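**Student:** Letter by letter, the chains look like this.
Protein chains: 2
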Amino acid sequence: MKKYVFGVDVGGTTVKMGLFNVDGEVLDKWEIKTHTENGGEAILPDIAASALAKLEEKNIVKDEVAGIGIGIPGPINDEGVVPHTANLGWGYKEVTRELEELTGLPCKGGNDANVAALGEAWKGGAAGYSNVVMVTLGTGVGGGIIIGGKIITGSNGAGGEIGHLHVDDNIPGHCGCGNQGCLEQVASATGITNLANQALAASDKPSMLREGEVSAKTVFDAVKADDELAKEIAERFGKYLGTALANITAIVDPQAIVIGGGVSKAGPILLEYVEKYYQKYCFKSCRNVKFTLATLGNDAGIFGSAKLVL
Amino acid sequence: MKKYVFGVDVGGTTVKMGLFNVDGEVLDKWEIKTHTENGGEAILPDIAASALAKLEEKNIVKDEVAGIGIGIPGPINDEGVVPHTANLGWGYKEVTRELEELTGLPCKGGNDANVAALGEAWKGGAAGYSNVVMVTLGTGVGGGIIIGGKIITGSNGAGGEIGHLHVDDNIPGHCGCGNQGCLEQVASATGITNLANQALAASDKPSMLREGEVSAKTVFDAVKADDELAKEIAERFGKYLGTALANITAIVDPQAIVIGGGVSKAGPILLEYVEKYYQKYCFKSCRNVKFTLATLGNDAGIFGSAKLVL
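Chains as they are written, first to last, in numbering that gives the first Met the number 0: chain U, 0 to 309; chain L, 0 to 309.
These are computed hints drawn from the structure, not numbers from a lab. Among these hints, one or two may not hold up.
Same chains, same label: a pair holds when it works inside one copy or across any pair of copies.
20 Å max Cα-Cα, derived EDC-like pairs, lysine to aspartate or glutamate [said to hold, decoys possible]:
1) K149 / D226
2) K283 / D167
3) K149 / D225
4) K32 / E78
5) K32 / E231
6) K61 / D167
7) K53 / D168
8) K223 / E271
9) K279 / D167
10) K283 / D168
These figures come from a predicted structure and were not determined experimentally.
Generate coordinates for the entire structure from the input sequences, incorporating the hints supplied.
**Tutor:** In structure tokens, the structure reads:
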């Protein structure tokens, strides 16, 4: 009888770990350091040792554990193989096979943005829905597509690469991916700052944003204070993201759309700007999609990784 | 031991039917009339009678038949229920349950554009691939998304509604769906004709297209004859469709993209214009997607419907 499951979320500096019961309640969560030196050779042994120590501490035997799910900051295929993960120091690595050998437990792996989406669909903003699109607005724009309760990984691990939808030929500069005109260039924290700086340079309109440093946070704070220029910036952001989400919906037709990441801390006002353009451009039968903010924060990854196993 | 399967493709004027072996070889195919009068009440009984007569003709017993798959020109959910299908005269209808009762055979249903995609992924242009995007360029623009060998139906039956991606704010007029700026307005047969008429009106450039009636076919015939204005029209079409397919790829990351429908009869030259912009805007790890023309023509629906059952 399986009672427990581990969820692990590997980041470039720390590994978040969680022990859950199979109903998705967190029994314990903790962090260990990510040792990326020497090709990241210690990362999986460290995770294995920490998980096994936790079982001993809690007097849990392996037979009671359904397995370990692990989220990786890079592409990983459905067989648990990563071709290369620069920020962990890894080259080709059979992640789940190695972790199974180290722990004696079944292991499943996924991309971190994808498992965060799975976490929000399981126990977060979209709990109870099996068809979910999640977009994470942070330094970049990440995403995950959940259909029938399962992640769309894609043939090259590029499923849910929402940040790299081409949205405009006329965006200055290039995206980190090498392309030009990506959603990430206008909807990430950096992207919103860029939109704001362009708007400030293009007009003489008075604005709170002219005092101090501009960021996604100061833009939405100014929107809440009814600043006209900030509202124009939010409209432009909302049009880009709302139209992109309408297009995603015409492809996979989800029940719910979850918006997370640091930018989403702006709260419900951000959803208003996005939904306005979503409703304008979505296919009519998809008008009733549920828009929601992410609720699990930095824990979405450990929840989603645990769910991978169940 | 199941040896046979029926594939049925219901259209507004005729129903195409096929008897296959379970390896996907066509043993027989034929058509019956679609009787849409009286709320389309005869459609399913006609299909059932025709299928049962075929079994008798071929001396096949029901135990040898895996079932009947049926494609419908409208939304149908995974439980085989259609809310309403105007062009068949149907209101709410439990299609697969009724057909099971009429035939005593298991039945599965799908939307016609989606099952055509499944057919092309099974035995057509994308045979051997389990992750496939198909776009059908006909009077409208239809599509289907196949992931892990299964159709993405969507929560409202709107999965794969590729024709209703928003691609441009400045397209004149409205799409049949009520929105403005849909891919269907520029990439269907009608859409290409519209692009051509706009180009002819906007310039004095000499062109073969100024003689006789303009259509998607005459545009691509003129492209093959090296007509400059026709090539400009094809570039615009290619940019719209290639960018849309790049965006779809960043969501579901398929192995292959199949282009079908009447417009695709233009042949490989059409793929050239589309792939050029696909390669410009796609997420880098998706560059090796296989582009291919559909090969099953009007039979894609019966193949895909049959595959639904297997």
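**Student:** All the hints need checking, so say for each whether the structure fits it.
**Tutor:** Hints and how they fare:
1. Proximity of K149 and D226 under a CA criterion of 20 Å is satisfied in neither setting, with 42 Å inside one chain copy and 49 Å between copies.
2. Taking the closest pair of Cα atoms, K283 and D167 come within 20 Å of each other only across two copies (18 Å); inside a single copy the shortest separation is 24 Å, beyond that limit.
3. Taking the shortest Cα distances, K149 and D225 never come within 20 Å of each other, neither inside one copy (41 Å) nor across copies (48 Å).
4. Proximity of K32 to E78 under the C-alpha cut-off of 20 Å is found in neither arrangement, the shortest distances being 26 Å within a copy and 48 Å between copies.
5. In this assembly of identical chains, the alpha carbons of K32 and E231 never lie at most 20 Å apart, being 42 Å within a copy and 57 Å across copies at closest.
6. For a Cα distance limit of 20 Å, the shortest separation of K61 from D167 qualifies neither inside one copy, at 52 Å, nor across copies, at 56 Å.
7. Taking the shortest Cα distances, K53 and D168 never come within 20 Å of each other, neither inside one copy (52 Å) nor across copies (56 Å).
8. Taking CA atoms no more than 20 Å apart as the test, K223 paired with E271 passes inside one copy only; the shortest distance there is 12 Å, against 49 Å between copies.
9. Taking CA atoms no more than 20 Å apart as the test, K279 paired with D167 passes in both settings, with 18 Å inside one copy and 13 Å between copies.
10. In this assembly of identical chains, K283 and D168 lie within 20 Å of each other by CA distance solely across copies; the values are 17 Å between and 27 Å within a copy.
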